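Visitor: These are the residues of each chain, in order.
There are 4 protein chains.
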Amino acid sequence: PDNFFLIAGPCVVEGKDLLDEVATKVSEVCKRLEIPYIFKSSYRKANRTSASSFTGIGDQEALQLLKGISEKYNLPTVSDIHTAQEAAMAASYVDMLQIPAFLCRQTDLLIAAAETGKVVNVKKGQFLSGASMKFAVEKIKGAGNDQVLLTERGTTFGYQDLVVDYRNIPEMQASGAPVVMDCTHSLQQPNQTTGVTGGNPQMIETIAKAAIAAGADGLFIETHPNPAVAKSDGANMLQLDLLEPLLEKLVRIRKAVM
Amino acid sequence: PDNFFLIAGPCVVEGKDLLDEVATKVSEVCKRLEIPYIFKSSYRKANRTSASSFTGIGDQEALQLLKGISEKYNLPTVSDIHTAQEAAMAASYVDMLQIPAFLCRQTDLLIAAAETGKVVNVKKGQFLSGASMKFAVEKIKGAGNDQVLLTERGTTFGYQDLVVDYRNIPEMQASGAPVVMDCTHSLQQPNQTTGVTGGNPQMIETIAKAAIAAGADGLFIETHPNPAVAKSDGANMLQLDLLEPLLEKLVRIRKAVM
Amino acid sequence: PDNFFLIAGPCVVEGKDLLDEVATKVSEVCKRLEIPYIFKSSYRKANRTSASSFTGIGDQEALQLLKGISEKYNLPTVSDIHTAQEAAMAASYVDMLQIPAFLCRQTDLLIAAAETGKVVNVKKGQFLSGASMKFAVEKIKGAGNDQVLLTERGTTFGYQDLVVDYRNIPEMQASGAPVVMDCTHSLQQPNQTTGVTGGNPQMIETIAKAAIAAGADGLFIETHPNPAVAKSDGANMLQLDLLEPLLEKLVRIRKAVM
Amino acid sequence: PDNFFLIAGPCVVEGKDLLDEVATKVSEVCKRLEIPYIFKSSYRKANRTSASSFTGIGDQEALQLLKGISEKYNLPTVSDIHTAQEAAMAASYVDMLQIPAFLCRQTDLLIAAAETGKVVNVKKGQFLSGASMKFAVEKIKGAGNDQVLLTERGTTFGYQDLVVDYRNIPEMQASGAPVVMDCTHSLQQPNQTTGVTGGNPQMIETIAKAAIAAGADGLFIETHPNPAVAKSDGANMLQLDLLEPLLEKLVRIRKAVM
Chain R
2 PDNFFLIAGP CVVEGKDLLD EVATKVSEVC KRLEIPYIFK SSYRKANRTS ASSFTGIGDQ
62 EALQLLKGIS EKYNLPTVSD IHTAQEAAMA ASYVDMLQIP AFLCRQTDLL IAAAETGKVV
122 NVKKGQFLSG ASMKFAVEKI KGAGNDQVLL TERGTTFGYQ DLVVDYRNIP EMQASGAPVV
182 MDCTHSLQQP NQTTGVTGGN PQMIETIAKA AIAAGADGLF IETHPNPAVA KSDGANMLQL
242 DLLEPLLEKL VRIRKAVM
Chain W
2 PDNFFLIAGP CVVEGKDLLD EVATKVSEVC KRLEIPYIFK SSYRKANRTS ASSFTGIGDQ
62 EALQLLKGIS EKYNLPTVSD IHTAQEAAMA ASYVDMLQIP AFLCRQTDLL IAAAETGKVV
122 NVKKGQFLSG ASMKFAVEKI KGAGNDQVLL TERGTTFGYQ DLVVDYRNIP EMQASGAPVV
182 MDCTHSLQQP NQTTGVTGGN PQMIETIAKA AIAAGADGLF IETHPNPAVA KSDGANMLQL
242 DLLEPLLEKL VRIRKAVM
Chain P
2 PDNFFLIAGP CVVEGKDLLD EVATKVSEVC KRLEIPYIFK SSYRKANRTS ASSFTGIGDQ
62 EALQLLKGIS EKYNLPTVSD IHTAQEAAMA ASYVDMLQIP AFLCRQTDLL IAAAETGKVV
122 NVKKGQFLSG ASMKFAVEKI KGAGNDQVLL TERGTTFGYQ DLVVDYRNIP EMQASGAPVV
182 MDCTHSLQQP NQTTGVTGGN PQMIETIAKA AIAAGADGLF IETHPNPAVA KSDGANMLQL
242 DLLEPLLEKL VRIRKAVM
Chain L
2 PDNFFLIAGP CVVEGKDLLD EVATKVSEVC KRLEIPYIFK SSYRKANRTS ASSFTGIGDQ
62 EALQLLKGIS EKYNLPTVSD IHTAQEAAMA ASYVDMLQIP AFLCRQTDLL IAAAETGKVV
122 NVKKGQFLSG ASMKFAVEKI KGAGNDQVLL TERGTTFGYQ DLVVDYRNIP EMQASGAPVV
182 MDCTHSLQQP NQTTGVTGGN PQMIETIAKA AIAAGADGLF IETHPNPAVA KSDGANMLQL
242 DLLEPLLEKL VRIRKAVM
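Residue numbers (our numbering), protein chains in the order written: chain R, 2 to 259; chain W, 2 to 259; chain P, 2 to 259; chain L, 2 to 259.
Be a bit skeptical, because a hint or two may be false.
[As the list claims (entries may be wrong)] Listed next, the in silico SDA-like pairs over lysine to any residue satisfying Cα-Cα at most 25 Å (straight line):
1. R/Lys256 x L/Lys46
2. L/Lys46 x P/Gly145
3. P/Lys73 x P/Ala52
[As the list claims (entries may be wrong)] Simulated restraints, written as ranges between beta carbons of each label pair:
4. R/Val197 x P/Arg33: 46 to 52 Å
5. W/Glu249 x L/Thr194: 47 to 53 Å
6. R/Gly143 x P/Ala175: 41 to 47 Å
7. R/Pro226 x L/Asp147: 40 to 46 Å
8. R/Pro37 x L/Pro226: 40 to 46 Å
[What the hints assert, rightly or not] In silico negatives: residues of chain L with every beta carbon more than 12 Å from chain P:
9. Phe6
10. Tyr74
11. Leu76
12. Pro77
13. Ala132
14. Glu139
15. Ala144
16. Asp147
17. Gln148
18. Thr156
19. Asn201
20. Asn227
21. Val230
22. Gly235
23. Leu243
24. Val258
None of these hints come from the bench; they were simulated from the model.
Note that the coordinates shown come from a computational prediction; the quantities given were computed from them, not determined experimentally.
The beta-carbon is built from N, C-alpha and C at its ideal position, and this holds for glycine as well.
Work the whole structure out from these sequences, hints included.
Guide: Written out as structure tokens, the structure reads:
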């Protein structure tokens with residue numbers, strides 16, 4: 002393909018206005034830059050550090066909003082699922098199902114996602130090598146679905162840091178699946194004593210440029226008009242108006258490496 | 002308490018004879034050494050590396066066998082669960098529910114386990130610090146269940162190794178929960194290119210002795226009469242007839258530290 | 002041997018009074034508990050994070066003080082060296098030469114230390130496995146000196162933490178060398194933004210107990226009457242009056258494992 | 002500057018013919034691509050895993066050959082030094098002194114290198130964060146030398162692997178020093194049971210592309226006409242005739258990011 006694709010949007014569905022603001026802006030930029038765009042937002046967060054964290058506005062309502070975005074802006078959409086039971090429900094609203102990193106080894110979940118016939122994007126567990134993600138691909142293909150993506154999102158590096166290993170891009174591509182770099186969660190600083198995962202958003206550009214140069218097929222970037230007030234992952238989301246200049250640089254690098 | 006407790010048994014319920022052989026031997030040894038004993042076997046393995054690995058003999062049949070062991074030998078039993086839906090079912094057969102390490106951040110699962118009223122044993126994720134396991138304890142206590150255990154089972158250390166950090170014993174005890182050392186899975190060597198997790202069983206004794214000296218409240222040891230033919234985790238299970246001499250040494254260390 | 006041995010003293014030679022206070026107290030305790038004792042203090046610190054840190058009172062003066070302690074209290078002494086040139090000089094004052102962890106791969110330094118005929122204690126690099134320390138032992142034995150010790154002092158675990166891997170005790174013992182656990186530097190928290198290495202001294206007891214249970218032949222513990230005013234490594238030294246109760250517990254564990 | 006610079010050559014001075022072959026080829030390519038080129042070869046290897054490994058042809062002879070290359074091809078040269086005593090000697094033959102990663106915290110060595118007035122290239126220790134390398138820069142500038150480079154060469158990631166953290170490029174640049182990516186040693190697989198460090202040379206291109214995209218100022222690439230017969234680091238050196246096509250791609254990426 003000529004260009005990389007982009008999976009982007011706010012971490013979690015907070016409400017209709019937020020989705021509209023992000024979809025309007027990002028779809029316009031991606032159209033201009035010829036970047037295929039998939040709108041991302043989670044309808045529920047099931048693995049927050051602390052039980053008191055925000056988890057969503059309600060599954061059906063959030064999924065309905067995602068479906069509305071898809072129709073209004075003519076965009077494919079993606080959301081993550083956490084149990085095999087959620088797969089069919091989510092699949093009736095979105096075009097791609099994302100498997101969270103912690104859950105990438107849950108065979109029943111991978112197979113249920115595969116059986117919906119939707120594209121399945123499996124995030125590499127923080128505890129897994131890139132090479133071993135081929136077993137996730139095999140589980141999904143074994144269930145009759147060849148549309149698999151793999152996403153790098155960093156690997157455990159001591160307790161309070163993640164490190165992105167760029168060797169994982171070619172190693173995961175060797176499984177036959179396109180590989181996405183998650184520029185948001187790769188920068189998490191987990192295990193903070195506050196129970197709120199930290200971050201380092203000024204590094205998003207470094208992570209993204211290196212990924213495109215190393216041959217990543219797609220990028221995953223959570224973005225929000227005002228990350229400081231976001232209800233989840235605010236520490237790492239890119240401010241919406243910084244996305245366009247970043248994508249312009251990345252398109253130039255892409256052209257240099259193709 | 003005067004002594005440490007032991008959670009032990011074969012990794013997965015392979016059949017009735019295996020459970021009887023292990024329960025007979027281990028319950029006799031633990032009675033003599035005054036070690037409280039909880040019989041462990043998984044009724045299903047849901048997160049094998051490869052989809053072609055053995056996952057169980059059937060949930061109901063395996064759980065029924067566990068209940069039979071409990072009654073015949075007068076032993077509490079434990080098995081792991083992987084979804085919120087499994088919690089109530091498993092709780093009608095066993096006395097303790099174990100949350101797998103990969104799933105220790107899934108809030109719905111923790112709460113479902115807590116709501117059964119059974120003891121809940123949460124294994125520390127390979128990607129989590131000991132200190133951050135207090136949030137798992139809070140999720141369970143917040144659901145009205147004060148019977149929580151935490152289990153150390155090693156932390157991601159490069160792609161193909163885990164390391165046990167003994168600082169996690171006092172750090173997890175600071176949450177108020179008793180702490181178990183998993184001497185079996187701590188020795189896993191994950192991400193092998195074969196798709197079969199490797200191991201290092203000659204280190205079980207080192208791991209166990211250090212854990213008791215560092216103040217662990219309990220030990221988790223998978224054991225099998227013939228690990229070489231076991232259907233899961235054979236690379237790390239302790240051969241059954243080596244358990245008694247190991248426990249004798251550990252009881253001596255326990256007396257020295259209390 | 003019946004008991005473990007102890008290498009202990011203040012991190013760096015600050016002056017005569019400090020050495021006397023520590024030697025008096027520790028030698029008396031070790032005599033009572035039948036622990037062979039080697040007095041440790043560095044005559045110079047060559048690898049401080051920041052160039053403005055204290056490095057010593059002068060080599061000759063510090064070494065002369067160490068020799069005085071050896072004679073007055075009838076104790077063997079140890080200090081670390083940083084270059085091949087220092088080996089012969091230091092060897093004329095002390096009984097054991099210690100190779101710092103960062104330098105454990107410098108062949109010329111290991112051979113120069115070996116050629117003095119003194120005992121050589123090589124600290125495991127933070128970047129090395131226990132198993133690979135056999136090459137350090139071979140370098141020293143190849144220079145005609147069979148008196149080698151190896152010391153575990155933690156391994157790089159992310160940027161700001163070290164983790165002690167107890168598997169390294171039997172793995173280093175497989176080289177034929179007795180193995181020491183460094184309970185002080187294992188607890189360092191390096192790469193702090195202040196340029197002063199941090200620590201976690203409340204974990205000394207956990208580290209030491211686990212080491213003795215796992216079969217360590219010796220312990221290394223830096224101690225100071227008042228760590229808060231120490232000129233190096235204050236963040237991890239054990240307060241002198243806490244040493245005796247700790248050693249009593251450790252002797253009990255040692256008896257349980259022998 | 003318009004382009005990145007290149008530090009390249011065979012790992013160790015094996016003989017005159019090898020140096021000539023590499024210098025001829027690389028200087029010609031770099032001239033065409035407008036890449037400033039510094040010829041690199043070590044006159045001695047002082048920290049080989051095993052004492053029986055090749056360490057050099059003799060210091061004076063090797064340094065004399067380097068000086069000959071400098072004059073014949075009009076190239077600056079670099080070699081590494083291991084002790085403060087070597088600094089002045091090496092400085093009379095080469096233009097840049099390189100401090101090995103294991104030795105980057107040895108204050109005396111850094112200062113001795115600084116005092117020669119030559120450019121000093123300090124490799125980041127496998128055990129150090131990028132941010133903490135500012136203390137190395139301060140030590141050198143404090144000795145009156147402002148010509149400092151810092152080199153990323155991977156960080157300890159379990160025992161048998163290194164990982165390159167691209168965040169270290171901007172973090173080390175924040176010290177004011179230009180930052181070099183060592184595409185050779187970053188791919189080492191240390192602590193092999195054979196005593197010969199392993200490697201993964203097919204990843205050189207991935208590492209290099211990501212580095213240029215992330216803003217590295219220079220690259221370090223060891224190259225040899227026939228790595229399979231090289232006397233040191235053969236597992237990771239780039240075959241000489243693969244250098245030109247790689248550099249062409251990198252120059253394109255550089256133009257896209259500037």
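Visitor: Checking against the hints above, which ones are violated?
Guide: Of the numbered hints, 1, 3, 5, 13, 14, 15 and 18 do not hold.
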